[in-house]
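Can you make the complete structure from the sequences, with help from the hints?
Protein chains in written order, with the working numbering: chain A, 7 to 341; chain B, 7 to 341; chain C, 7 to 341; chain D, 7 to 341.
A portion of the hints provided could be inaccurate.
When chains are identical, the list treats them as one kind, so a pair holds in a single copy or across two.
[To be verified] Lysine to any residue pairs mimicking SDA-like chemistry, simulated, CA-CA at most 25 Å apart:
#1 Lys97 to Thr262
#2 Lys97 to Gly85
#3 Lys258 to Val111
#4 Lys186 to Glu247
#5 Lys258 to His129
#6 Lys258 to Arg159
#7 Lys186 to Pro251
#8 Lys12 to Glu306
#9 Lys186 to Gln293
#10 Lys186 to Glu176
These are calculated hints, taken from the structure and not from any lab test.
Predicted model, so just to flag it, every value in this text is computed and none were measured.
Protein chains: 4
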Amino acid sequence: MASTYKNRLTVSIFGQSHGAAIGVTLDGIPEGEEIDFDVLNAFLQRRAPGNSPWATPRKEADEPEFLSGLVAQADAASGTTCGAPITAVIKNTNIRPSDYANTSVTPRPGHADYTAFVKTRGHADLSGGGHFSGRLTAPLCIAGGICLQILQRRGISINARIISIGNATENFGEEIERAKQENDSVGGVIECTATGVPAGLGEPMFDGMENRIAQLVFAIPAVKGIEFGAGFSAATLRGSENNDPFAVAGGKVQTTTNHHGGILGGITSGMPIVFRAAIKPTPSITQPQQSVNLTTLTPETLTVNGRHDPCIVPRAVPCFEAAMAIAILDALQTW
Amino acid sequence: MASTYKNRLTVSIFGQSHGAAIGVTLDGIPEGEEIDFDVLNAFLQRRAPGNSPWATPRKEADEPEFLSGLVAQADAASGTTCGAPITAVIKNTNIRPSDYANTSVTPRPGHADYTAFVKTRGHADLSGGGHFSGRLTAPLCIAGGICLQILQRRGISINARIISIGNATENFGEEIERAKQENDSVGGVIECTATGVPAGLGEPMFDGMENRIAQLVFAIPAVKGIEFGAGFSAATLRGSENNDPFAVAGGKVQTTTNHHGGILGGITSGMPIVFRAAIKPTPSITQPQQSVNLTTLTPETLTVNGRHDPCIVPRAVPCFEAAMAIAILDALQTW
Amino acid sequence: MASTYKNRLTVSIFGQSHGAAIGVTLDGIPEGEEIDFDVLNAFLQRRAPGNSPWATPRKEADEPEFLSGLVAQADAASGTTCGAPITAVIKNTNIRPSDYANTSVTPRPGHADYTAFVKTRGHADLSGGGHFSGRLTAPLCIAGGICLQILQRRGISINARIISIGNATENFGEEIERAKQENDSVGGVIECTATGVPAGLGEPMFDGMENRIAQLVFAIPAVKGIEFGAGFSAATLRGSENNDPFAVAGGKVQTTTNHHGGILGGITSGMPIVFRAAIKPTPSITQPQQSVNLTTLTPETLTVNGRHDPCIVPRAVPCFEAAMAIAILDALQTW
Amino acid sequence: MASTYKNRLTVSIFGQSHGAAIGVTLDGIPEGEEIDFDVLNAFLQRRAPGNSPWATPRKEADEPEFLSGLVAQADAASGTTCGAPITAVIKNTNIRPSDYANTSVTPRPGHADYTAFVKTRGHADLSGGGHFSGRLTAPLCIAGGICLQILQRRGISINARIISIGNATENFGEEIERAKQENDSVGGVIECTATGVPAGLGEPMFDGMENRIAQLVFAIPAVKGIEFGAGFSAATLRGSENNDPFAVAGGKVQTTTNHHGGILGGITSGMPIVFRAAIKPTPSITQPQQSVNLTTLTPETLTVNGRHDPCIVPRAVPCFEAAMAIAILDALQTW
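So this is what it looks like as structure tokens:
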């Protein structure tokens, strides 16, 4: 199996949920960039369990240890990139593989247990989802958090927020709580916006900004859709409505609306990049579900143990900022 | 600029709308595969202009000429892949660059004219959209059409169809005709399904099937969104509704529903792969639009000439089959 | 099979010796660069057959036709890169596949006939060496010739020259003539030097300048070795002899000797890049040779027909300049 | 900077000589492969300091810790690949960055200090060579050691040996001792052979076996040349001497000689792959050398401190086996 984003930046993510550690190796990052550890940790804490009442009771410190690529400043509060590849790891400390004893032969509906089993001819480490666990978004956020600090200094800001949870577009907590009470889970939609992005980033065809962002966003487990700008609603508009008129403002070319979401022909226009992603409900629910014992090929009713969020959407928010940040910094290392 | 899909298959697309030729170089295709030229041409004809009353009046024969990679059979009705890279070109014959004289300095709203201009510091060949023209989907379809024939022999079928045009979910012709009468254009949604795909294709994280398909689909101009399986509607479901139960049928593991769209954790489950893509309305409309003269940085009212479809959705259908076919054949050359 | 160099520049070479055409698709080339066709053709003529008394009697005009990526200037004497991928083709006109009828089952010693046959399970087009023919260095030279003109404007010059032919270090013509008289062939060594290369190009480890140049140089058929700077003779030196002292000259850091060949740790030092490559004798000789009929697996004595050079070293000289030029322009698009 | 080999296997090497740790992330390795830790450690010990009287006095345990990708067997004596990316790290314990205080502004002749400084605009961590240290061959050997065990089970063996040290082709110890006595260093030539490699591996042009092996071998610091089969001496032979006749032996096609070194047209012939690499003398010598202070741009006489080998050739032997193993396993994951 392969888990490397290979472009101008290379992002190799490794680790299994209940293995020794998870982490990331990142190369191509510009040298001489200061990375503030407090800012990075604060970013990582936004996705860490324990920050919302609905998060999994599994607690992990989730503070990354840098093995390479950063030269620590004297006060140890920050490090400066030295150009060498950056590797950061997070040790797995709160491990309970016994929780997952049954999933290795009886796959959880909606999870990657079955497909990982087939892909690896039964050799996958499926404990806690193994390499397919949502926990692997932590190294993605380390990589993205580093990129975010570099982009910030170049005047680029990225912010994601929840648009909806289930059918609710406000009072999200209630929707999640309701799902939890019913031993169920719920999904949602997140919108992510990057401002300050210069015009001219990206490539035509396969390596456009939409292509890169989509490739990175679908690395976040549970994402089932992505749309840019007006997205699916653009399909219902007339050209006269959807086309964004050009205008000059402050000596710069802009569009007066942004249905195109900051990208035309794969290349940034200088307007904010905007995408929305659909996140499916957490597949791990405590209700009994129909599965199949892969050894005997007989039906089996599965009750998932383990510690799971009724809704991972709140914790997923920074993951999308991370994905967008990697895509933009990657494109900024112009072709 | 770069227009190459680089994975197990390499797909390099070249050409400008009003240049000498457009085409594709394709390497990594298995050797010994017979490619039927009539089948391929029939596939290409589905996207060629002139097949619907709403298509651009620009007529092109659009028959590919193979320069390499295929050894022609005696009757010249088919060729067999010899393992060497395949290059096919389509000569541009019906060229009217004068139609686009004004767009090189005054970008068409909704088009890539502006972003291409910035990207290339003014050097882009913007005539007819240049390298960003929808015409460049012809070489994508050559590559995809070759892949489709190979997949067919492996029991994999791919079919795309229109789901909606504008707000209409039937009588699409009327919706398009209405837009045309009003000097306007209209978009739509296409659904694409692949059946017969074995379980276990794809990779976790960045190189999953959703990632690859998305990377290829966003190479089709005008696509603004993609969703797999239940897609955005999955975000409104409960886990108990969205999870697809496993069952055994005919000695094989299957799911009884397919909200996951044939992909879990980036890897195929053996169920049909299903995605939908949103296509924005053709930006080229004959109504006057607001733009900016890029040389003088002054506002300008633009009236687009040229030959344009009021709706490119019908002609786009095979492009999605092509994108899916490339992604699947690519993944079949297992890692 | 795959024939694409994938880095900052992408170079896809296609074609078979006796197919319709050979050519190259090149993306990532900077836009706005003028390419002088006469200069390019003069460069290509240096490798074209017919320029030396020992070259194959097969004559090909070998003038590339540009299908994309260049906008021709009014006088058609040059074209300017527009940023879109560049594709150039050379039609094969002087084709005699019958000359090679026997090599498809009885491989020529020293050629790729056998390995291509195994690789493609018998499907390779082996006529004239097919995709493995030395003729495929023509598209390499097109790509390299374009890079050379761009590098020239950046103050970088590349020159290759013959160091030895067989055991001769001068009067090369006599050595070649002698081999020809004896129905034999002879190899040689070429040295290639790039001056004006700025310090700081390349990467540590796998993507260093030596790695890139070697990857490109071994794409030239018949190359069996490469060495940089002092090369193999460095292995016989003491550190005190081989180390190049640093000095300041004209306000710039230089080394007073250049045993390192312009590259330290994979990265350019600003000193000339120097490599030498060993070229084996042309395997096609008219003497009877021992081979095996691949269909019957019985020994067979093979007499090679066809039109062949007793020594391809003189025509190979520009190929090395092309390879070096691609590697340097690739690295100049800094990481 | 970038230190990732990106092909079917992805090998990302990270770490600085005097940073927290060095290591490697490796993806694309087949699942279900048992890796014996004792065998791996024995392999790594061959390059570890302390195994020869001439090695640096810096002692490191150099036992890799696996963070991911291996599921340990019950007795902890081996692990089985689970398909997830493999990351292994070696902690740096015996660190003396003060030894290198002066090299950060005054580069050591023959080292990458200067080029790394320019490349990173002064930000490189140059302590002990930083990311350019020969110590980074330890993670290369971890990756290669894993590949070797997998290849062994497929009947492929790889062995490297010293051919010469300085001008000596025997009694290598005396040659090294002499250099050491004279406060000098000495290089050498290593030959590496792989047997049992099936015919048909590799690609034409840029991704041939010679190209891949060369790309990997030049990642080993101090390598200045590589040749395959007859190599540079092939340039002095006639075609009739250099061509390897085909014959049938044991029902298989073979060549009766192996001047081609097991590779024709970039593709393996089934004969042993043989290459030789030239290693320059260790640049770190204790004699005073001429350098330049990069801050003041004034000449400076440098005396290198630190712990260095008078000859790194003996310890480099397994590095070449590692490079060859990565190249072959990579190619075995056929295209």
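Outcome of the hint check:
no., hint, result
1, Lys97 to Thr262, "neither (48 Å within a copy, 38 Å between copies)"
2, Lys97 to Gly85, "both (20 Å within a copy, 19 Å between copies)"
3, Lys258 to Val111, "between (60 Å within a copy, 15 Å between copies)"
4, Lys186 to Glu247, "between (42 Å within a copy, 14 Å between copies)"
5, Lys258 to His129, "between (56 Å within a copy, 19 Å between copies)"
6, Lys258 to Arg159, "within (21 Å within a copy, 32 Å between copies)"
7, Lys186 to Pro251, "between (46 Å within a copy, 20 Å between copies)"
8, Lys12 to Glu306, "neither (40 Å within a copy, 42 Å between copies)"
9, Lys186 to Gln293, "within (11 Å within a copy, 53 Å between copies)"
10, Lys186 to Glu176, "within (17 Å within a copy, 40 Å between copies)"
Hints 1 and 8 from the list above are not met by this structure, while the remaining hints are.
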